[in-house]
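Given these sequences and hints, build the entire structure.
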Amino acid sequence: MSESKQTSAHSQSKIKVQRTQTGVRIEKRMLKVLKGLAEYFEISLGDLLEAIVLHAFEGKSPFHDEAIQKIEALKQIYGMDYDATASHRFVEEEN
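Take 1 as the starting number for the sequence shown in the numbering used here and just add one per residue.
These are calculated hints, taken from the structure and not from any lab test. All figures in this text were calculated on a predicted structure; none of them were measured in a lab. Hints may contain errors.
Using 20 angstroms as the maximum straight-line C-alpha spacing, the simulated SDA-like pairs for lysine to any residue come out as follows [unchecked claim]:
hint	residue 1	residue 2
1	Lys35	Ala51
2	Lys28	Glu92
3	Lys16	Leu49
4	Lys70	Glu42
5	Lys28	Gly79
What follows is the structure in structure tokens.
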């Protein structure tokens, strides 16, 4: 997340929200990358997901160049060997 976006967001008035627990299913390697990224930013996984979604809804990227490099490194570490084009091709692995 870019520092300028974080700074401007923090300087504005706070917005009260009500959060709910969810049991979202997500691809295992992707989850590992997201958790690693949240740790890198020192924020919760929920906060990271909210930021990603809010930026995506506005057609913006939530990540600066350094974060994108970190994402690529985490993808390699956790074997996330696919990109956005794979999103509609996921099928459940049979046990």
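How the hints compare with the structure:
no., hint, in the structure
1, Lys35 to Ala51, "14 angstroms, holds"
2, Lys28 to Glu92, "11 angstroms, holds"
3, Lys16 to Leu49, "17 angstroms, holds"
4, Lys70 to Glu42, "14 angstroms, holds"
5, Lys28 to Gly79, "10 angstroms, holds"
In summary, the structure agrees with every hint in the numbered list given earlier.
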